[in-house]
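Number of protein chains: 2
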Amino acid sequence: MKTAITPTRSENFSEWYQNLITAADLAENAPVRGCMTIKPYGWAIWELMRDELDKRIKACGAQNAQFPLLIPIDFFNREAEHVAGFAKEAAVVTHYRLKMIDGTLQPDPESRLTEPYIIRPTSETIIGDAMSRWVQSYRDLPLKLNQWVNVMRWEMRPRLFLRTSEFYWQEGHNAFATHDQANADARKMHGVYGDYMREVLAIPSIMGEKTPEERFAGADHTYTLEHIMQDGKALQAGTSHDLGQHFSKSFGIQYLDTDGVLKHAWTTSWGVSTRMMGSLFMTHSDDDGLVLPPAVAPYQVVIIPITRDENADELNAYADDLGTQLRNAGIRVFVDTSDMRAPDKMWKWIKRGVPLRVEIGAREMADGCVTITRRDLGKSSKHSITVAELMADVDGILKQIQRDMYDAVVARNQTMIHNVSDLDELSDALANGTIGFFRIKYTATQNEKFDALMDTYKISRRCLDDADSDYVYVAKSY
Amino acid sequence: MKTAITPTRSENFSEWYQNLITAADLAENAPVRGCMTIKPYGWAIWELMRDELDKRIKACGAQNAQFPLLIPIDFFNREAEHVAGFAKEAAVVTHYRLKMIDGTLQPDPESRLTEPYIIRPTSETIIGDAMSRWVQSYRDLPLKLNQWVNVMRWEMRPRLFLRTSEFYWQEGHNAFATHDQANADARKMHGVYGDYMREVLAIPSIMGEKTPEERFAGADHTYTLEHIMQDGKALQAGTSHDLGQHFSKSFGIQYLDTDGVLKHAWTTSWGVSTRMMGSLFMTHSDDDGLVLPPAVAPYQVVIIPITRDENADELNAYADDLGTQLRNAGIRVFVDTSDMRAPDKMWKWIKRGVPLRVEIGAREMADGCVTITRRDLGKSSKHSITVAELMADVDGILKQIQRDMYDAVVARNQTMIHNVSDLDELSDALANGTIGFFRIKYTATQNEKFDALMDTYKISRRCLDDADSDYVYVAKSY
Chain R
1163 MKTAITPTRS ENFSEWYQNL ITAADLAENA PVRGCMTIKP YGWAIWELMR DELDKRIKAC
1223 GAQNAQFPLL IPIDFFNREA EHVAGFAKEA AVVTHYRLKM IDGTLQPDPE SRLTEPYIIR
1283 PTSETIIGDA MSRWVQSYRD LPLKLNQWVN VMRWEMRPRL FLRTSEFYWQ EGHNAFATHD
1343 QANADARKMH GVYGDYMREV LAIPSIMGEK TPEERFAGAD HTYTLEHIMQ DGKALQAGTS
1403 HDLGQHFSKS FGIQYLDTDG VLKHAWTTSW GVSTRMMGSL FMTHSDDDGL VLPPAVAPYQ
1463 VVIIPITRDE NADELNAYAD DLGTQLRNAG IRVFVDTSDM RAPDKMWKWI KRGVPLRVEI
1523 GAREMADGCV TITRRDLGKS SKHSITVAEL MADVDGILKQ IQRDMYDAVV ARNQTMIHNV
1583 SDLDELSDAL ANGTIGFFRI KYTATQNEKF DALMDTYKIS RRCLDDADSD YVYVAKSY
Chain C
1163 MKTAITPTRS ENFSEWYQNL ITAADLAENA PVRGCMTIKP YGWAIWELMR DELDKRIKAC
1223 GAQNAQFPLL IPIDFFNREA EHVAGFAKEA AVVTHYRLKM IDGTLQPDPE SRLTEPYIIR
1283 PTSETIIGDA MSRWVQSYRD LPLKLNQWVN VMRWEMRPRL FLRTSEFYWQ EGHNAFATHD
1343 QANADARKMH GVYGDYMREV LAIPSIMGEK TPEERFAGAD HTYTLEHIMQ DGKALQAGTS
1403 HDLGQHFSKS FGIQYLDTDG VLKHAWTTSW GVSTRMMGSL FMTHSDDDGL VLPPAVAPYQ
1463 VVIIPITRDE NADELNAYAD DLGTQLRNAG IRVFVDTSDM RAPDKMWKWI KRGVPLRVEI
1523 GAREMADGCV TITRRDLGKS SKHSITVAEL MADVDGILKQ IQRDMYDAVV ARNQTMIHNV
1583 SDLDELSDAL ANGTIGFFRI KYTATQNEKF DALMDTYKIS RRCLDDADSD YVYVAKSY
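Protein chains in written order, with our numbering: chain R, 1163 to 1640; chain C, 1163 to 1640.
Mixed in with the good hints, there may be bad ones.
Repeated chains share a single entry, so a pair holds when one copy, or any two copies, can fit it.
To be verified - Each computed DSS-like pair below joins lysine-lysine, with the alpha-carbon atoms no more than 25 angstroms apart:
id, residue 1, residue 2
1, K1306, K1510
2, K1541, K1507
3, K1544, K1507
4, K1611, K1638
5, K1561, K1544
6, K1507, K1164
It is worth saying that the hints were derived from the structure and are not from the lab.
Please put together the full structure from these sequences, using the hints given.
Take a look at the structure:
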């Protein structure tokens, strides 16, 4: 059977993903090392994802603010683990002027900065510095801040959305009077992310704490949400960090407590990024292109009038009118009255993953009917209904698509989580080409034999099992 | 009379502005040369400004997208005027890794980029490059794109919001088949900005075309919106550029026309930035602090219960309940039940410019009354009304404040626009300390005598008069 995307997922998952991005017109590689340009259709998805998460973050009491893009090298240097984690991928600003020298435009040597800046890879340091001024007394705590910004981590092997030098994210940074409060905040946001991914992105998460080996550079505890892709690999979709007093001590975030004693605050940070879009696309899409959950689809419904020369105007006007009715009912709709052929329109919107397709031919217009097809189910769901039924049911149909998409991923994931009793069983499974997550005793991984398996199969510890932290999930990852 | 902000506007406008920003908790200087940190209250104002403008931009058919932060030096170099305009303030990225060398963290020499990047000062070049791929046929036009991003222009004399090295803006970039369409787009957006500033920011604009001397680097026509500050200086609040074929020729943005001929497109760009916040603050505020138009006030109403120890709980609960009622009516409300003294609360919210203050004492609670005070009018507007009246009228009161604030600026501006018949009259007025905009024949400014006046009084041509382009407005500016 011919598919809209070639190769198919089973033929070559990695190339399928790249062609999916192109076919759905989501993004392209930019003429800047490792960076991407997010095209309008891709950015519209991100805006929906962002706006919904922003509401949930604000509902938790965090306030948005905006901190500088550039970080003084001295700030960056104050927390040893942090430097070790990010120095190798830092874009460095060394000059502030260009000059034409010998016919070539180049950094003006006279504008050399005595202290270079790096472009933020994350903002614990510069926000820690601000907090050291903003936090004075116990009355100033908790302080809960968030920002939606671009960050940069130089990337040698970029992949659109999954790993790019510049990416977009929200980063929450928070200070508390006690360690318990800080840890509770990191855990709470971990839960908020999990709910969001389930309810909005229709993606179930494996949720748990990172092992010490995999923690964020400068954290005491890192909580992660791991998604299982269709090829069985893990994608880390979001993390929350309990930073202990690492940053409050490096930056002097201190408060005068009720007992009159000056104490260091306890901080957290948490974030999700455009990487989550990579998960969204890889989790739901199929060999015909993108499949979007209605909650984040720029167009939840596309209306395609099947016109002939003699009825085009009338049918297009009828389709436009139906589009307006749906829009007034709060549905995001696109009415495709372009001059493309109807099958080309159909494939265009299949590839772009619009959840519900509504086709109208001349006879249907006369009968007050339309033909609807669910993107997630394809041809098997194609059937005729009256316009009145569509108007009454459309909201319910979209909600059903959202639920069914989530359930389908849950069912698929169950086939991709494997309990293994020891390293031999793990080794055999990997050698046999078994894909997915492997659940194994954490202590069983703390030896050189496991290190050798990590090297051979490019696997890593994803997180401890929340239900039983003696166990760890192991998988290949993006 | 004691004022909340010292010095007052008439004593020292520049220092007043700086203290206003601090008193209203809007922003602070960042530990990065020329950059600012926008604090939560300031950023909440920007989010309201941004969301409303974003709606209007989308209603014009532009789609949001996201282009890289970094621009290859070669791109930047392709349009000669553009380079000349921005090279002197470009932050340059030269390395992509840090290394500890002799105990100092510094750019790793081995990570030196053969082609450095600059941080975007504006994105005509990198978007021009994308358009050269995205535009192929007349069917692809018009192409209307917009992005909300941070940009950087190295600033030696920074002032919060007015002039900072990093700032935040939207930049629209558009391609058309004909020059007429491009010019109409630049003019249309000029009008959209004017409407937005009048209706949302309550600021009237002097609107017109820049003279050739003041055009954007690489534009055929630049349309500008100039605001008159309370000290008579001009603030350029937004510009739209008809870029002719400068960028389409530099970047090869070509389309196959209906006649089968390959033609260069015509492009435009237009933008407004966080600088507009500087105008908002300087236009409306007074010696007691910020005054915000209701349309962009994070809290349109603040409720202050005047509690005593014995009734605090009851009164706070009553105030909370009134806050909920107002919120349900769609009003943005803050109920200040903190443990500060009532006068301190009052001054806090006066300084932060909340449009309507609602105070409730014990007797008022018993009587079902509240005392309301408009921020823009101050004490003279203070009076008691019933809660029922408040609920019925609050929307109307806020709308009235929005209108009155605009009308007050219009009236003040009229006293600050001066017609002068020749350079002698202009020179005399400036020597006498007359503040404001001077309207003079454009031809009268095209000589060395005017150049000398520009030097002496730091004045510049702001724009031609839209009603009669033989005349130009001249003023000092921010």
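Here is what the structure says about each hint:
1. K1306 / K1510: Between. Shortest inter-copy distance 21 angstroms satisfies the 25 angstroms Cα cut-off; intra-copy 43 angstroms does not.
2. K1541 / K1507: within (16 angstroms within a copy, 63 angstroms between copies)
3. K1544 / K1507: Within one copy only: 16 angstroms inside, 62 angstroms across.
4. K1611 / K1638: within (17 angstroms within a copy, 74 angstroms between copies)
5. K1561 / K1544: within (17 angstroms within a copy, 50 angstroms between copies)
6. K1507 / K1164: Within one copy only: 17 angstroms inside, 69 angstroms across.
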